[in-house]
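Protein chains: 4
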Amino acid sequence: MMVITDRDNALFEAGIKLGALYHQFVGSPVNPETVDSLESAISQSISVQPYVRHITVNIDRDMVGEKAGGEFGYCELEGRMLDVEATIIFKDVTAQVALKFDRELDYPLMRIIEVLEK
Amino acid sequence: MMVITDRDNALFEAGIKLGALYHQFVGSPVNPETVDSLESAISQSISVQPYVRHITVNIDRDMVGEKAGGEFGYCELEGRMLDVEATIIFKDVTAQVALKFDRELDYPLMRIIEVLEK
Amino acid sequence: MMVITDRDNALFEAGIKLGALYHQFVGSPVNPETVDSLESAISQSISVQPYVRHITVNIDRDMVGEKAGGEFGYCELEGRMLDVEATIIFKDVTAQVALKFDRELDYPLMRIIEVLEK
Amino acid sequence: MMVITDRDNALFEAGIKLGALYHQFVGSPVNPETVDSLESAISQSISVQPYVRHITVNIDRDMVGEKAGGEFGYCELEGRMLDVEATIIFKDVTAQVALKFDRELDYPLMRIIEVLEK
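Chains as they are written, first to last, in the numbering used here: chain A, 456 to 573; chain B, 456 to 573; chain C, 456 to 573; chain D, 456 to 573.
These aren't lab readings, by the way, just hints derived from the structure by calculation. Do not rely on the hints blindly, as some may be mistaken.
[To be verified] Here are the computed lysine-lysine pairs in the DSSO-like style, where the Cα-Cα straight-line distance is at most 27 Å:
1) C:555 / A:522
2) B:555 / B:522
3) C:555 / B:546
Sequences and hints are given; from them, build the entire structure.
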């Protein structure tokens with residue numbers, strides 16, 4: 456069996472955070488007036504989890520504005536509206552990861568941006 | 456078949472909002488520093504839904520503080536931590552409803568407080 | 456203050472169930488092979504809640520098949536895919552309610568079908 | 456900048472799956488009669504996500520039975536009730552990960568069990 460490294464754990468923890476964020480908050484009712492508040496709450500909520508050094512959450516205002524333009528004046532947060540960057544630190548390893556809508560794949564893609572070991 | 460009344464719809468809509476709030480946000484990571492932000496986002500999120508005139512959301516700081524006191528310094532929002540009051544207006548009917556932890560039943564109880572018809 | 460009736464409670468409870476179902480399960484990963492299992496779990500999960508006499512949950516296979524046809528072979532359960540009917544009984548009152556995608560409104564509409572008092 | 460490896464991606468994807476499972480399904484109403492159905496739906500739902508080779512989901516029947524013993528005969532799925540093992544394959548790397556309640560920490564712990572590179 457191979458040794459499990461700090462780097463392994465940094466990436467594993469980074470994945471947990473993005474999966475958690477996505478499935479906790481997607482579906483939340485939102486409109487252009489409340490998008491700031493939701494953004495802030497998502498970022499603060501995930502920031503309290505273990506090993507999170509930094510997180511930025513941006514919700515696409517254009518998509519919210521368009522989707523909220525129907526009969527009822529609101530929409531639900533969708534994965535495609537999210538642009539997230541998070542920095543996870545596990546011991547000496549820093550993993551930077553992102554969630555961003557990929558228009559070509561039509562998919563909210565999670566990916567690793569960078570891994571740094573001291 | 457009986458006629459469906461505005462009062463029926465007011466109560467039905469009030470129930471929808473509490474069920475939605477509960478199952479959307481319970482499970483969110485939270486600690487004493489981020490509880491304000493989560494409270495505000497929940498109340499703003501539900502307020503954009505149809506027929507919601509007013510909503511107040513209070514999260515029990517004592518419970519959060521106690522639960523977040525473990526190894527990892529945070530906990531998850533639980534139904535028992537929530538104290539919510541919402542006013543739903545459907546045409547001429549106003550329904551006031553609440554979600555509040557019932558210690559005797561050990562259960563986060565949703566109930567109707569008052570129904571007013573003009 | 457007006458008296459709160461059994462009928463009020465039946466409608467309130469019916470709303471709670473639809474709101475809960477929607478915000479608990481929307482977002483679940485699904486594809487054509489797993490749609491039966493998800494349907495069954497949703498219906499069984501909601502059926503254990505208080506006052507639920509009967510519930511049927513249908514997920515639109517055509518929408519799932521189409522949405523799951525992309526690069527990754529799956530999609531997420533969306534509100535528009537759901538066709539739900541539930542019967543809630545509170546004392547002598549039976550409320551039948553539904554969640555069904557309304558194509559004209561482009562909205563997953565929850566509505567009261569019928570209320571019966573013995 | 457360091458190269459991002461297949462191993463990094465395997466661990467990242469493994470984390471995503473556990474975070475998603477947890478925050479999608481925790482909160483679902485359940486009782487001893489419906490626990491089989493929920494278990495099966497969770498495992499099938501997560502299995503459709505990218506890179507998942509195998510997953511087993513066990514919900515603690517004793518905890519469900521005890522928690523569902525109150526006034527209303529049901530409870531909500533909690534993280535502490537879950538015992539999950541998942542195998543994620545990214546190219547030539549296999550990551551086996553788990554979610555299991557740690558009684559000492561009083562915490563539903565996610566951890567890496569093994570990483571294999573061909």
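Hint check results:
Taking the CA atoms of residue 555 of chain C and residue 522 of chain A, the gap is near 19 Å; set against the 27 Å cutoff, the hint holds. Distance hint between residue 555 of chain B and residue 522 of chain B is fulfilled; the C-alpha atoms sit about 18 Å from each other, no more than 27 Å. Pair hint residue 555 of chain C plus residue 546 of chain B holds up; C-alpha atoms about 23 Å apart against a cutoff of 27 Å.
In terms of the numbered hints stated before, the structure departs from none.
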